[in-house]
Every structure is written in C-alpha cells, then in structure tokens.
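Student: This is what each chain is made of:
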Amino acid sequence: MEMLSGAEMVIRSLEDEGIEHIFGYPGGSVLDIYDALFESSKIEHFLVRHEQAAVHAADGYARSTGKVGAVLVTSGPGATNCITGIATAYMDSIPLVVLSGQVPTSMIGNDAFQETDMIGVSRPIVKHSFLCKTAADIPEAIKKAFYIASTGRPGPVVIDLPKDTQNPLLKFPYEYPKNVSMRSYNPVKSGHKGQVKKAVKAISTAKKPVLYIGGGALLANAREQVITLAERLNLPVTNTLMALGLFPGTHKQNIGMLGMHGTYEANKAMHNSDLILCLGARFDDRVTNAIEKFCPEATIIHVDIDPTSISKTVHADIPIVGSIDVVVEQMLEAMDEISITVNEAERAQWWTQVEGWRSKQCLSYETATATKPQAVIEALYKHTDGKAIIASDVGQHQMFGALYYPYDKPRQWINSGGLGTMGFGFPAAMGAKIANPDTVVCCISGDGSIQMNIQELSTCLQYGIAVKIITLNNGALGMVKQWQKMFYDGRHSHSYMESMPDFVKLAEAYHHVGILVSKPEDLDKGFAECFSEKNKDRLVFMDITIDPEEHVYPMQIKFGAMDDMYLSKTEKTTS
Amino acid sequence: MRRIISVLTENESGALSRIVGLFSQRGYNIESLTVSTTDDETLSRLTLVTSGDRAVIEQIMKQLNKLIDVLKVSDLTEGPHIERELLLIKVKAAGFVRAEVKRTSDIFRGQIVDVTDSLYTVQLAGDSEKLDAFIQTLAASTEIVEVVRSGVCGIARGERCLKA
Chain A
31 MEMLSGAEMV
41 IRSLEDEGIE
51 HIFGYPGGSV
61 LDIYDALFES
71 SKIEHFLVRH
81 EQAAVHAADG
91 YARSTGKVGA
101 VLVTSGPGAT
111 NCITGIATAY
121 MDSIPLVVLS
131 GQVPTSMIGN
141 DAFQETDMIG
151 VSRPIVKHSF
161 LCKTAADIPE
171 AIKKAFYIAS
181 TGRPGPVVID
191 LPKDTQNPLL
201 KFPYEYPKNV
211 SMRSYNPVKS
221 GHKGQVKKAV
231 KAISTAKKPV
241 LYIGGGALLA
251 NAREQVITLA
261 ERLNLPVTNT
271 LMALGLFPGT
281 HKQNIGMLGM
291 HGTYEANKAM
301 HNSDLILCLG
311 ARFDDRVTNA
321 IEKFCPEATI
331 IHVDIDPTSI
341 SKTVHADIPI
351 VGSIDVVVEQ
361 MLEAMDEISI
371 TVNEAERAQW
381 WTQVEGWRSK
391 QCLSYETATA
401 TKPQAVIEAL
411 YKHTDGKAII
421 ASDVGQHQMF
431 GALYYPYDKP
441 RQWINSGGLG
451 TMGFGFPAAM
461 GAKIANPDTV
471 VCCISGDGSI
481 QMNIQELSTC
491 LQYGIAVKII
501 TLNNGALGMV
511 KQWQKMFYDG
521 RHSHSYMESM
531 PDFVKLAEAY
541 HHVGILVSKP
551 EDLDKGFAEC
561 FSEKNKDRLV
571 FMDITIDPEE
581 HVYPMQIKFG
591 AMDDMYLSKT
601 EKTTS
Chain B
491 MRRIISVLTE
501 NESGALSRIV
511 GLFSQRGYNI
521 ESLTVSTTDD
531 ETLSRLTLVT
541 SGDRAVIEQI
551 MKQLNKLIDV
561 LKVSDLTEGP
571 HIERELLLIK
581 VKAAGFVRAE
591 VKRTSDIFRG
601 QIVDVTDSLY
611 TVQLAGDSEK
621 LDAFIQTLAA
631 STEIVEVVRS
641 GVCGIARGER
651 CLKA
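First to last, the protein sequences are chains A and B.
32 is the number that my numbering gives to position 2 of the first sequence; each next residue is one higher, with no gaps.
620 is the number that my numbering gives to position 130 of the second sequence; each next residue is one higher, with no gaps.
The hints are simulated quantities; they were obtained by calculation from the structure and are not laboratory data.
Idealized CB from N, CA, C, for every residue including glycine.
Possibly wrong hints are sitting among the right ones.
To be verified - Partial pick of chain B residues on the chain A-facing surface, computed with a CB cut under 7 Å:
1. GLU500
2. GLN515
3. MET551
4. GLN553
5. VAL560
As the list claims (entries may be wrong) - Computed beta-carbon distance windows for the label pairs:
6. SER514/B to ALA378/A: 52 to 60 Å
7. ASP65/A to ARG544/B: 37 to 45 Å
8. PRO134/A to GLU531/B: 26 to 34 Å
Unchecked claim - Here chain A is said to cover these stretches of chain B; the calculated rule only asks that three of the stretch's residues, wherever they fall, bring their Cβ under 8 Å from a Cβ of chain A:
9. 501–512
10. 535–549
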C-alpha cells in the first residue's frame, strides 16, 4: 500500500474525491497541507484575500454546479473568518467541505497561538464536523464529509486538522475508502407510498391549487419532474427566492416569486388557494407573513427531505418525507395509477381569477429622470439574453434582481436567501465563474454590499476571473433606508454612506474595467461596453447611479396575511 | 407536558455537545440529562427530561434524529415505562431527629450510606416524584445539608426496546 503523510493524504483524498478547485488561504497550521498541494496537478487552488470570500466562492461554485465546494484555511482567525460563510451555506443547505488547520493535538486547550475551538464555534451552523486526531483518520473523515455534505438535506461540513496529524515525516498506508456506510445516517429518498397517493387524491379534488416550490426542489435537480407535474395539473406555480429558475421564469404558469416582496398574483393566489403543494420550501417567515393568518382555506401538502422542516411553522395536512425529484416522480406514477384528471372548467375559473390578479401588473414602475433600479435589471436581462448566472448580494438590489430578471434555468440565480449575507454576491460570482468559465456571470450588488468583500478584486486580477459587477449605487443602505422611511418616520439612522469611493478608479486600481453610468440614457451604452467582445475576459465594474428614493414593491404589510401588501408608496391592498 | 426521551448515539467526542447545543440553540428545555455508555462501548445512551407542547416535542424528536451521530430516538412517556433517579442527601441527624431520619429512610426504602456523629447521608432510588416527596418529608423533620440527584434514566416496559 502507498505510504503518505497526513498532509499528503488530505490532498490525495481530495483528488480521489474528484475535487478540481479549492478556495483557501494558507497559514501556520496548514503549511504542510499547502506544501503537499504544491505538488498536485489535479487541484487548482484559488488564493482569496479574506477567508470569508473563500467560503462564499466555494458556495457559489456549489450552487452553480451542484457539486460540493471545498475550502482550505488555517486555524484561529483563518477558521473564524469562515464562520459567516459557513452559516450562509448552512441556512441555504449548500454542500461544502471546509478543512481548517488546528494547533497540534498536544497544544489543544492551551490557548496556543492561533488556537480556536473550531468544532465548537461552528457546531450550530454545520451539518456535521470531524476532528481528526491522527493522520490515519483523515481519508475516512474526508470521505464521510463529502458524503454527508452532499446527501440528504445538503449542508456544510467542517474537518479540523491538527498540525501534528499533517506531519510530512510520518508516513502511513493510504487508501481512500470506496464507500461510506454509517449506521446513524441513512437519508431517505422516496416518499411513503400511502402518503403520495393521499396527496394526489387531494390535489385531484382541489379547485384552487397552487404549486409552491422551494430551494429543496432545486437542490434535488427536480426541474423536469416539477415541470411535468405542473403542466399536467395546469396549476399556478410560484417559486421562492431560493428556487428561482427551477420552474422557468417565462413559463405562462409561473406567477412569480411569493412572500415579503412577492408578486401580487403569487401572494393572492396563495392566500385564496384551497390546496398548497409545497415542494422543498419551508414556510419561512419571509414567505408566510403572520402565521395565524396564513392561507386559511388551504390544505397543505408538504414534501421535504428534512422532517424537521415539516410542520415546523405551518402544520402540514399531508406530510411526505423524501427527495423532491423522487417524490414528484412517484406522484406522477400515482396519478397514472388512479387516473387523475383535471376538472377543466374549475381550473379555467381559477386561472381567470389568477389572471385578474396578474393584470394588476404589480411590477410596473414609474420612469423618471433618475435611473430606476428596475430598469437596470431589465436592461441586464436584455444584454445577457436572460442567460447569465446572476449572483446577488443582499438588499434592495437583491429583490430587484429576483423580480425583474425572469430566470429560466435552475442554478442561474445565486443568492444568500436564508442568512441574508451582505458581501456574499461578489465572491459567490467568482466561484460560479470558475465553475462555468464559458457563461456570463454577473454580480448584482449595492454600494453597501459590494464594499463588504471588495478586496476580492485582487483575487480576480490574479486569476483573471472575468465577472461583471453591476452595482446599483444609491449612496445608501437602500433596504435599511426603505424600512426607516416606512416604519421609523424617515429617521435615517446610520443608513447613509457619505464617503463613497470612486468605484471606477478603484476597479482601475486593480487593473479592471470601471464604467460609470450616471444617467438613464447611458445605461444601454454602459451595458454594451460591459458585455463587449473587448471586455469578454475582463472584470467589469459597473457603478450605476440609481434613483435614491426608490423602494421595493410589492411588500407585505407586517402582521398581515400573505396578500396584505403595499403596492407602491401610495397604494396598498384593502382587506 | 413533561416528556422523557431516550437517545442512542455514537459514543464519539462531540456527540454530547451537539445534543446539548441543540437544546440551547433552539430554546428547548432540559430538566435533566443522564448519559453513559451501554453494553456496547461504541454507543452512548442518554435520557433527557424535557417539556413543551406537542409541536415542540415533535420538533425536539425530529431535530435529535437529524443529528448525524444519533441512531435512535424514543419518547418513553408515550408508553408504559420505568423511570429511575438516584438521590444522595446529607441531613442533620443529631439527637431525637437521628431516629426519625432513619425511620423515614426505611419507609421510603432508602439506605443510609454514610454516618457521622451529627449527619446521615441517605441514598434513595425511585421516580422523580418519590424523590421529591422524600426530600420534603425530611425537610419537615430535620435540616437538609446537601442534595445531589442523578437526573432521570428510563427504559420502556415490556417488549419495546431501543437498540442499534
């Protein structure tokens, strides 16, 4: 058997796992691993400028491909800098493996230099974690980590590697395990047959059903099955923020995103429905509004791979535990078996009602002398043929990006939906671009968010990562400002940034291309330049001055039902 | 609603902290917690006493099951079960009280396991209510110096069992 040191085992295990890209930052406790990495021809390493960005980049890589993202950092600050990134991935169920160095086992607990109890610190935000106490533990821990991260409800896994386990002088027999078997971890795939049948029967008798799709459907790559089901049942479909693109944005049955900033028609349809078929969503507070007023007439079928998501906030009448792709397949089979047909007349009536809501055109906006953020996203859609991968930061621009760019493909829209991490977008876009070098990858950001990981302009220079940064610059923390305007009598406490840098010069300082768009009439020209052949392989930073007074609408009214919404600064629903 | 939950988990470092962490992280109560290995050294068995409404208990069970190290979770209070807790109590036992403490201990089937001129240490096993009653009775006749309780451990009656 081949003899390898612990450090070599780390790299070889990653190679044997099929890892081609890793994001990281070296330091004292991982120098031996980095030394072994130096020899690897199979793994390309990307040196970020802050460990948080390494995790977000691996996250964007994972979200855009469905593969597991890999991160390598040192102990102490290297590890703790990863925490926000790990929490982001955990909230959105993104498969990551984070390898962190640790002080030697003999020093653990001694408050040694750059020591942090990474297993302890990360415990509430990981799916699982491993502390390798000997080099011999490493291959199995890595095998298990990738298995756990990518199966069941995916999530981040941390492996803590004390320095002595990496010792290059001590060699051990190496073999990468072929299979994993864990008696305590056996995620289910298929749903309970009886429950599936029950669900299908309930759907067949529903007069006003809605299909409510969440990120779980996307993670399960259930696009084809979901489209087949939706078309066969001819029902209105709404995607959550996490599922945009799973059901095509331009499909006629798509009634848009639902929830706090969901469309009028989606929230209305949900509230007035008599049956909700929820596939891989979790009735998040940003969707339901006041729980006690949530969809009073609806029978709820909840399909999710994670039993803890079922009946957590909203009671499920028909719970089904399983992977969305498999369960929807089972539903289609069950429909054939008991020959379910849609009552055309009833369905037509329901659609008439939904189309009535849709005709309100809740996303229309006034044009003005200032550039409207909505118009920026629409122009971006036009200039990218609706085909770009869009990684978003967090704030108003995120909602505009979600509402005004109809995503037709899954994994096209990448955002921090659960944790709402500002600073996520740019490094996530980097990861997505590395994974999809031939696709246009944009980061939609704001002047606040972009400055939270702007140091990565340097990483992009080093590796020629040609992402396009579309910054909606309103000189303020837009979403905070919107809330302050609406709910705090316009007391704009610390929501302004009065020292905005010259982003064009900043981009140029890193040898990138900077484009300032300060007037609406320059928008098309700016985008044309951004996506020109000349700039194809360049990072372009677009600093777009937008109307600082613009709010995101629709917006649910706090403590209300799903369909209680502000529709503009002057209009709200009456109920 | 008081519930006694049994958990079978891998006997690995960090397994216990994940369980305890889950309770604090999600705001669940822990009234008592006992843990030890079983006849199989690779397994740990925990008994947790918690409380909450139906939905909370359902979430606790599911969240425990979701932990990677956890093999089995069972709510003992769903069926007939045996619940035991161990009490060690040190009380003043001087003068006429000395005999009274002895009598009370006998009535509750406790054992005096340590003796000084002025103190008795009594050991008593039983369900939590019995232990409460014993402490109350002693408190009425003498001064309690120190109390230590093990927390509940439990097992289902009859055929029902929790095995890997």
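Student: Are there hints from earlier that the structure breaks, and if so, what are their numbers?
Tutor: 3 and 7
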